[in-house]
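Novice: Given next are the chains, with one letter for each unit.
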Amino acid sequence: MIAVFDAIGRVGSAVIAGVSRIGYATRFLFAILRHSGPSFMRPRLVIREVYQAGVLSLIIVCMSGLFVGMVLALQGYETLSRYGASESMGVLVAMALVRELGPVVAGLLFASRAGSAMTAEIGLMKTTEQLAAMEVMAVDPIARVVAPRFWGGVISLPLLAVLFSTLGVFGGFLVAVKLIGVDSGAFWSQMQASVDWRYGVMNGVIKSVVFGIAVSLIAVFEGYDADPTAEGVSAATTRTVVTSALAILALDFVLTVFMFRGEIN
Amino acid sequence: MNKKIIDLWVGVFVLIGLAGLAFLALKVGNLLSTNEERNGYEIEARFDNIGALKPRAPVKAAGVVVGRVESIRLDGKTYEAIARLHIFPQYQFSADTIAAVFTSGLLGEQFVGLEGGGDSVMLKDEDRVKKTQSAVQIEKLISQFLFSKAAESPTPTLTPTPAPASAAIPGIAPAPAIGVKP
Amino acid sequence: MPDTIIAMSLVAEFPPSALSPNACENLVELKDVSFGYTRARKILSGVTLAVPKGKLVAVMGGSGCGKTTILRLLCGQHRASSGEVLVGGQSVATMDREQMFAHRRKLGMLFQFGALFTDLSVFDNVAFPMREHTQLPQDIIHDLVLMKLNAVGLRGAARLKPSELSGGMARRVALARTIALDPQLALYDEPFAGLDPISLSVVGQLIRKLNDALNMTSILVTHDVVESMKIVDYIYFISEGRVVAHGDVPSIKASTDPFVRQFVDGQSDGPVRFHYPAKTLAEDFA
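Protein chains in written order, with my numbering: chain A, 860 to 1124; chain B, 2 to 183; chain C, 500 to 785.
Where hints are given, some of them may not hold.
[What the hints assert, rightly or not] If you want a taste of the chain B side facing chain A, the calculated C-beta under 8 Å gives, among others: (1) LYS5; (2) ASP8; (3) TRP10; (4) GLY18.
[Said to hold, decoys possible] Computed list of lysine-lysine pairs in DSS-like fashion (alpha-carbon distance at most 30 Å, straight line): (5) LYS729(C) <-> LYS752(C); (6) LYS1037(A) <-> LYS28(B); (7) LYS78(B) <-> LYS132(B); (8) LYS132(B) <-> LYS55(B); (9) LYS28(B) <-> LYS4(B); (10) LYS5(B) <-> LYS752(C); (11) LYS78(B) <-> LYS28(B); (12) LYS4(B) <-> LYS660(C); (13) LYS5(B) <-> LYS61(B).
I should point out that these hints are in silico values taken from the structure, not numbers from a laboratory.
On a predicted model such as this, the values are computed, not experimentally measured, just so you know.
Don't be surprised by glycine CBs; every beta carbon is placed ideally from N, CA and C.
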């Protein structure tokens, strides 16, 4: 009996801890926004983070995009050729990439490549008292360290997602047109006829902006909140990747419901 | 790492990102065609039934895309579906044009087909298409076919012969059972 | 910009202690200060100490006795649960954001392991406080940084990254960063931790020289008795959150206080017990 009450109590306190953590993260987001002045007054701070988060993720994101596009085309061919519609491969590849896979997979890659690095870097700065040193020098670490990294991530992810989709469409083109022999004109024209730039492309970009905000916030928050020990930083890094992945997938569902509601009805 | 090199790389990154966005919008999407879509004029067509027609479905004349379905709603009094059709500016249609809901292929998407008439007066912005023809409902077709079969033979069979079935394929030839609404 | 330079040279010629009417007033005062992260466990209980202007004062005690906490109270990272922490006559606990900002600009702190910014070069580390807090043009910052680095003997290492430095060099760079804005008050948290004997005496000598040359007041938190005895003016001993003894170096050397003797002579048992509180041997091995 006591064990049951114990279990209920544990669940309850875990829920309370989770909710207050969300509250803390929200407060942290507002603190970042409030202290974003220096990031925009001194763009070099942000440029450096765009390099760290964006440019250094470029190769992995582009390669993944290429392969995902190629696989989509191959798998699509299986099904579409059965209905004699292999010209629609362009549509399939482009729709899947632009609306879903581009933002989502690029977001997941970004979380594990750049997000984890952000968490580890900020966590290590905390562990080695660099953040405290800054504070004592009357420099706000949120303004100087956290906000530039946050904005660097928010700027980088949409660009990475767009490049992922672009390389993916190119990969699909390679497989469909060069390998399988679909007519190149049909591939492009069918794609253009069905992918609406507002509903498809822009919604994909909006998704990636939202994911960029979510992943960057989680990464800097986990780093800033990490226990200042080696285990603390490694646990925070793991949490960044796991929480980011869940957040991306959950947000993707919510956004898809809102954006493409018109087409489901 | 030198600051200049970082600047250079970030610049390259941003530029190819924007180039990718341009590629998606222009080559993959239909941004180029939206200018003519934004101009043009809107006409209204009332259907008894629009089937599975959706907003942004194409409007075709003789198989050429001449516009898009802008919006669909129901008239609460007459229980008709009102589809607003956005027609590209370079196309003009006579006032006695017939609008019909067709299906491209057996399983394909539905679209609105316009069939020009001989009237010298042309449709203008906010005009209404007078003659429309509803979407073919496959359930109605099958039941009509079965009833006619049952009326023909004293021993009704549930296996339809292929010839009448192919004649009833929607979109290829509108079934005669569905009348043109004046 | 030139105004700042003139102001700085004025400070060098007429140190604040020489200008002020009361030359030996206390820059830092702690009056009956208590502090604890939780109500139950007090880290400091009723600490009273004073640091006169221009002096170098050591706060000594075993690990975890609350020495570092005193520094954190002084730079406003923590607030005392009771008592008053005064710096320059102003209570740190009652400062608002602006005052805290101004207070911290007059303060230099050397963290336990240097806390150099690992993503910046040695030069940029020392330039960091100047770039954040002054509008000085780049060439003047360049000269100032090289002067500071020259003072700690590392002008040649300006282009290196902190990861390329030895422990002693990193500590000296951190020292240069601490004094970058010519603070009134310098706080040193375990500046000798983990240094070899040569680096240790180099850092010790630098702390003394910089204190006198820049007319700073310095507080040195350490458990290194031998090295600090060589350089400081006055010593406070802290144990279990209380000041247990204090005095200038000769009087400490001559002291017969059992705690001071245990600490200075490095005896393993004494007022500070060797054994963690436990049941008696007979009970535990029964």
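Novice: Does each hint hold? Answer for all of them.
Specialist: Each hint, compared with the structure:
1. At its closest, the beta carbon of LYS5(B) sits 11 Å from a beta carbon of chain A; the interface hint therefore is violated under the 8 Å criterion.
2. The closest approach between the C-beta of ASP8(B) and any C-beta of chain A is roughly 6 Å, which is under the 8 Å cut-off, so the hint is satisfied.
3. Given the 8 Å rule on beta carbons, the hint for TRP10(B) holds: about 5 Å separates it from the nearest Cβ of chain A.
4. The beta carbon of GLY18(B) is positioned within 8 Å of a beta carbon in chain A (closest approach about 3 Å), and the interface hint is therefore held.
5. Our distance criterion of 30 Å between C-alpha atoms is met by LYS729(C) and LYS752(C), whose separation comes to about 11 Å.
6. A hinted pair counts as satisfied when its Cα atoms are at most 30 Å apart, and LYS1037(A) with LYS28(B) qualifies at roughly 18 Å.
7. Distance restraint check for LYS78(B) and LYS132(B): the Cα-Cα separation of roughly 19 Å lies within the 30 Å cut-off, and the hinted pair is therefore satisfied.
8. Under the criterion of a C-alpha separation no larger than 30 Å, the hint pairing LYS132(B) with LYS55(B) is consistent with the structure, at around 20 Å.
9. Taken as a hint, the LYS28(B) and LYS4(B) pair is broken in the structure, with Cα atoms around 35 Å apart against an allowance of 30 Å.
10. The straight-line distance between the Cα atoms of LYS5(B) and LYS752(C) is roughly 58 Å, outside the 30 Å bound, and the hint therefore fails.
11. Between the alpha carbons of LYS78(B) and LYS28(B) the distance comes to roughly 44 Å, so the proposed pair goes past 30 Å and is violated.
12. A threshold of 30 Å between alpha carbons decides the hint, and for LYS4(B) with LYS660(C) the separation of about 15 Å falls inside it, so the pair holds.
13. A threshold of 30 Å between alpha carbons decides the hint, and for LYS5(B) with LYS61(B) the separation of about 55 Å lies outside it, so the pair is violated.
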